[in-house]
Amino acid sequence: MGLSETQLKEKVIKFVKREYPKAWIYKTSDRWTAGIPDILKCKEGVLYAIELKVGKNKPTKLQEYVLKEIREAGAFATVCKSVVEVKFFL
8 MGLSETQLKE
18 KVIKFVKREY
28 PKAWIYKTSD
38 RWTAGIPDIL
48 KCKEGVLYAI
58 ELKVGKNKPT
68 KLQEYVLKEI
78 REAGAFATVC
88 KSVVEVKFFL
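Counting the sequence shown from 1 gives a position; this note's numbering is that position plus 7.
Treat the hints with care, since some could be wrong.
In silico BS3-like pairs for lysine-lysine, Cα to Cα no more than 25 Å straight-line [as the list claims (entries may be wrong)]:
| no. | residue 1 | residue 2 |
| --- | --- | --- |
| 1 | K88 | K16 |
| 2 | K29 | K18 |
| 3 | K34 | K94 |
Just the calculated beta-carbon pair ranges, DEER-fashion [claimed, not checked]:
| no. | residue 1 | residue 2 | range |
| --- | --- | --- | --- |
| 4 | S11 | G52 | 13 to 23 Å |
| 5 | E51 | G9 | 30 to 40 Å |
| 6 | K63 | P28 | 30 to 40 Å |
| 7 | E92 | C49 | 27 to 37 Å |
Keep in mind that the hints were calculated from the coordinates and are not lab data.
Note that the Cβ used here is the ideal one computed from N, Cα and C, for glycine as well.
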C-alpha cells in the first residue's frame, strides 16, 4: 500500500523546508476552501502551487480550474504524485 495524500503532504513539507529554508510555505486545508492547492511556496516573489495526488487519484475540475487561474496570474502550478516530482517542479 502506498502513501496517503496526508503522508505525501508531510514528506513534501519536510523536503521543502529542508531544501528552501528561507522560502515561505503554506499548507492549505481544503475543508475551508475547495480547490486551493495543497502546498503554496513563495520565494523571492515567485509563487509555486502544488496539488498533491497519490495512486490513480486525479485533480477535480475545480482544482484544475484553480491551477489554471494561478498559472494565468503568472505563478507556477502543477500536480505532483511524489517528492521527486515536487523536487523537479521547484
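Against the structure, the hints come out as follows:
At most 25 Å may separate the alpha-carbon atoms for a hinted pair to count; K88 and K16 meet this at roughly 10 Å. For the suggested pair K29 and K18, the alpha carbons sit about 18 Å apart, so the restraint of at most 25 Å is met. For the hint pairing K34 with K94, the CA-to-CA distance comes to about 17 Å; that is within 25 Å, so the pair holds. Under the hint 13 to 23 Å, the C-beta atoms of S11 and G52, about 33 Å apart, miss the expected range.
The hint said 30 to 40 Å for the Cβ distance between E51 and G9, and at roughly 34 Å that hint holds. At roughly 34 Å, the beta-carbon separation of K63 and P28 lies within the given 30 to 40 Å, and the hint holds. Hint check: E92 to C49, Cβ distance near 19 Å, so the stated range 27 to 37 Å is violated.
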